[in-house]
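**Q** Next come the chains, spelled out residue by residue.
There are 2 protein chains.
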Amino acid sequence: MAKKDKIRRPRAETPKGFRDYFGAEVTERKAMLDKIAEVYHLYGFEALESAAVETVESLGKFLPDVDRPNAGVFAWQEAGEDDGDWMALRYDLTAPLARVYAQHRNDLPTPYRRYAMGPVWRNEKPGPGRFRQFYQCDADTVGTASVAADAEICAMLADTLEAVGIERGDYVIRVNNRKVLTGVLHSVFGFDEGTEDAQLGAAYDTATKRDDVLRTIDKFDRVGATGVKQLLTVGRKDESGAFIDGVGLTDSQADPVIAFLTSKGSTSKETLANLLIAVGESPVGADGIEELRQISQLLGAQGYGPDRIVIDPSVVRGLGYYTGPVYEAELTFEIKDEKGRPRQFGSVAGGGRYDDLVTRFTGQAVPATGVSIGVDRLLAALTAKGRIDRTPQGPVIVTVMDRDRMADYQSICATLRQAGIRAEVYLGNPKNFGNQLKYADKRGSPAAIIQGTDEAARGVVQVKDLILGAKLAQDATVEEWKENPSQTEVKLADLVPFIQSLLA
Amino acid sequence: MAKKDKIRRPRAETPKGFRDYFGAEVTERKAMLDKIAEVYHLYGFEALESAAVETVESLGKFLPDVDRPNAGVFAWQEAGEDDGDWMALRYDLTAPLARVYAQHRNDLPTPYRRYAMGPVWRNEKPGPGRFRQFYQCDADTVGTASVAADAEICAMLADTLEAVGIERGDYVIRVNNRKVLTGVLHSVFGFDEGTEDAQLGAAYDTATKRDDVLRTIDKFDRVGATGVKQLLTVGRKDESGAFIDGVGLTDSQADPVIAFLTSKGSTSKETLANLLIAVGESPVGADGIEELRQISQLLGAQGYGPDRIVIDPSVVRGLGYYTGPVYEAELTFEIKDEKGRPRQFGSVAGGGRYDDLVTRFTGQAVPATGVSIGVDRLLAALTAKGRIDRTPQGPVIVTVMDRDRMADYQSICATLRQAGIRAEVYLGNPKNFGNQLKYADKRGSPAAIIQGTDEAARGVVQVKDLILGAKLAQDATVEEWKENPSQTEVKLADLVPFIQSLLA
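For the protein sequence lines, the chains are A and B, in the order given. For the record, in the first sequence the residue sitting at position 26 is 26 according to full-length UniProt numbering, with numbers rising by one throughout. For the record, in the second sequence the residue sitting at position 110 is 110 according to full-length UniProt numbering, with numbers rising by one throughout.
Rather than coming from a laboratory, the hints here were simulated on the basis of the structure. Treat the hints with care, as some may be off.
Treat identical chains as interchangeable: a pair holds within one or across any two.
Said to hold, decoys possible - Below are the SDA-like pairs computed for lysine to any residue, each with C-alpha atoms no more than 20 angstroms apart in a straight line:
| # | residue 1 | residue 2 |
| --- | --- | --- |
| 1 | K16 | F134 |
| 2 | K237 | V490 |
| 3 | K431 | T110 |
| 4 | K269 | V172 |
| 5 | K491 | Y321 |
| 6 | K237 | D221 |
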């Protein structure tokens with residue numbers, strides 16, 4: 001008889017870039033998502049849950065911040081004929097929304113307000129803290145060009161942050177408008193008066209210099225106004241002594257960019273006035289500033305002052321598909337980084353107006369605006385601020401002293417559960433009593449219930465207060481436990497109120 | 001200049017076999033899952049959320065009810081080197097649990113009680129009502145061989161069904177044991193006394209006759225005991241007159257099968273006594289019956305009588321990987337099928353003991369038992385029974401009479417929201433007032449708020465009770481609305497209490 005091959009066992013490993021979430025990691029996130037959904041619902045948004053899978057064709061090439069098309073998604077070809085559709089896991093919740101709205105637009109109300117929450121997938125190289133599956137939590141209003149929709153989402157975002165436990169003063173929502181940046185570029189490069197704005201934009205897209213200017217704007221935080229001016233014009237020597245070539249603009253070309261970058265005033269009014277100078281004669285720019293003015297006015301009328309939502313021209317980053325107002329929620333408190341240095345927590349949500357995503361499908365103009373909350377970052381922030389309830393929530397453990405009396409232990413347990421007390425009978429091997437208490441310890445149990453033959457005969461149980469007695473929980477014998485002052489004999493009839501007061 | 005190519009637009013289509021869930025479809029399911037999670041939590045189970053993606057190797061070939069291996073999953077090969085891992089979407093929540101437990105077993109408590117809920121994916125031909133993504137909601141206890149764990153899951157399943165709104169009497173949980181069926185097959189075919197049970201099982205696996213017997217058992221519902229006896233022995237003429245060949249057993253071989261199929265007595269005690277006859281001398285069979293007896297006793301002690309949980313030998317179907325007790329929750333009320341004929345609703349949950357899934361990874365024996373609730377079927381059942389709250393939950397709509405006074409409308413809306421009243425300002429084109437009311441109608445709004453210049457000057461609004469006035473909502477003019485008795489003038493300061501009483 002042939003010798004049996006050695007069994008090759010599969011590896012028990014989370015796939016690279018994915019992770020498992022246990023217990024409180026799951027329920028804390030869920031509690032946060034529930035609170036967010038409550039605010040979204042209060043604002044009139046309806047839930048939408050689309051499948052994780054979309055056709056590659058319908059997802060399109062809108063992967064945020066990435067130039068690559070399908071490289072960033074998990075995709076496969078449908079079986080069957082050679083030309084089966086390519087399918088992919090969704091990489092965000094906006095692309096599926098655009099598909100859903102285009103598909104169901106005759107049945108959906110317009111404007112369509114929807115919220116969605118769930119995992120999205122990115123086929124990227126995993127790194128520390130970077131996962132290939134993560135949660136997003138979005139709200140969008142589709143089918144209205146009114147900036148009241150943008151303003152409303154900013155207000156809702158402020159309410160949402162406060163609802164989950166970020167206090168006023170610990171966050172700021174910064175609002176800008178893509179059109180203002182377009183206006184600034186008009187000021188720099190001039191524009192053809194008779195051309196449509198959209199075509200103008202397309203023309204600039206092809207200009208390398210425009211990209212150079214945008215890249216330079218992004219360096220403002222590091223090199224300041226003087227540095228940006230140098231980089232836009234003649235070039236600049238950096239700290240290491242290396243010389244960085246300039247973009248080659250004239251001084252008067254560079255001035256609107258500097259005016260833009262330094263336009264933030266002490267009030268929105270002042271900021272908007274400064275921006276008007278930066279965009280010069282550009283009608284698109286003026287349009288963008290008027291939209292910001294309206295947003296500011298709408299929010300002010302509802303009491304959302306600049307302590308919560310502020311016009312801030314430095315918000316220039318984000319998705320390529322934004323076409324109007326853009327907004328970003330930043331947490332302003334400091335946390336310690338991995339090296340113990342204090343740093344600002346930074347952005348936890350962002351969004352803006354994207355008027356072209358549905359148009360891809362229908363050819364009709366369908367303006368839309370929406371926000372996406374970075375759920376994991378927000379949860380990390382709440383944890384860092386101690387705003388997550390960390391009360392141990394393990395079950396009461398009914399220990400097994402006598403294997404044959406399992407039915408009695410189950411009855412005690414059932415009594416507790418019927419009173420709404422989380423409880424379970426120890427179901428491992430009951431032989432080693434210490435293991436039962438170690439188990440209770442590992443579960444974060446508030447109490448263990450012990451009933452030997454003697455106690456059963458007298459209709460009582462021993463209740464071990466594990467919160468009180470946690471430190472003794474390692475290797476004590478039954479006898480040691482009985483001597484422990486954190487252990488109380490309780491009549492079976494009094495067990496529920498006793499545990500209730502212990503948990504209170 | 002070359003003529004522009006006609007733009008090819010992507011199709012806006014849900015991929016075949018997938019679907020979108022809107023509004024109440026999402027929130028009703030969520031509410032049900034929340035209630036289920038609450039019961040699972042009360043029973044001491046901890047949440048686990050693994051990623052949607054697993055390696056194909058780790059998923060294994062355990063797709064329920066299907067002989068095909070990877071044909072039934074959505075799979076793709078990781079990019080990079082030629083031999084990138086094959087990845088797949090999980091097809092259930094049990095295979096990932098086995099992987100998670102094998103991977104983290106040193107950190108997890110033993111027994112490990114976990115619940116999980118979320119979508120799973122099956123790459124099957126889609127059909128009416130059959131989707132390729134659907135929800136499961138599981139609870140499992142890993143690492144204990146005690147049948148107390150099986151009994152507990154049956155009790156929890158009963159509590160869960162009642163918690164979501166299935167009344168006592170409308171469901172029954174039927175319990176059987178795979179070992180009893182093995183015992184019956186021992187009785188039919190005999191067995192080698194000295195051989196280990198597991199090897200015995202493997203030996204039977206290869207026997208075609210064994211499969212024939214199992215297939216015939218499955219026909220009991222249709223052909224009854226006499227029919228099964230004929231099919232197991234000499235064959236049978238069916239209703240159409242066609243002759244079905246028999247399996248070729250002798251009468252005395254067939255008798256244990258018939259005894260098994262007709263073993264259900266009026267009490268569990270009686271059923272168990274009948275089963276003892278059916279399994280004859282088989283030690284595995286006797287073992288299975290003893291387990292059923294213990295389960296019955298444990299459940300009885302906690303008050304779960306046969307009106308809720310019953311020993312029922314007819315539960316023979318299910319996954320190939322079950323090794324001990326199996327259980328199934330069936331709803332016993334009738335619904336109308338698509339042709340209007342009454343039929344029983346049937347199974348909504350099932351599970352059992354599977355002792356080999358973790359062993360695949362570790363080589364060590366890790367007994368486990370668990371249940372999976374068919375979320376969509378259970379939701380359909382609740383809907384059929386009218387147990388889902390269908391109160392319209394649309395937002396109060398603040399209409400826009402005067403586009404320039406958007407800030408005022410937003411303020412009214414903010415006041416309502418601050419009082420916890422779901423509300424929104426109409427953000428579509430406000431020109432046609434009828435469209436605003438149609439929108440409110442489509443959203444299921446309880447009320448619309450109207451404020452023209454006149455009302456604004458007097459500090460009042462008109463509140464249109466849309467529940468009352470729904471039928472007039474189609475094409476009325478502003479004037480007609482004002483005459484309508486379901487419309488009330490309310491002082492701005494009284495708006496919140498007025499709406500609250502309207503919603504109450």
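**Q** Determine for every hint whether it applies to the structure shown.
**A** Comparing the hints with the structure gives:
Only within a single protomer do K16 and F134 lie at most 20 angstroms apart by alpha-carbon distance; the minimum there is 14 angstroms, versus 25 angstroms between protomers. In the homo-oligomer, the alpha carbons of K237 and V490 never lie at most 20 angstroms apart, since the shortest distance is 79 angstroms inside one protomer and 68 angstroms across protomers. Taking the closest pair of Cα atoms, K431 and T110 come within 20 angstroms of each other only across two copies (14 angstroms); inside a single copy the shortest separation is 66 angstroms, beyond that limit. When the C-alpha separation of K269 and V172 is checked against a cutoff of 20 angstroms, the pair qualifies only within one copy, where the shortest distance is 18 angstroms, while the shortest distance between copies is 69 angstroms.
Within a single copy, K491 and Y321 get their C-alpha atoms no closer than 68 angstroms, and across copies no closer than 44 angstroms, so neither meets the 20 angstroms cut-off. With identical chains, the CA atoms of K237 and D221 are at most 20 angstroms apart within one copy only, with a shortest distance of 17 angstroms there and 87 angstroms across copies.
Hints 2, 5 from the list above are not met by this structure, while the remaining hints are.
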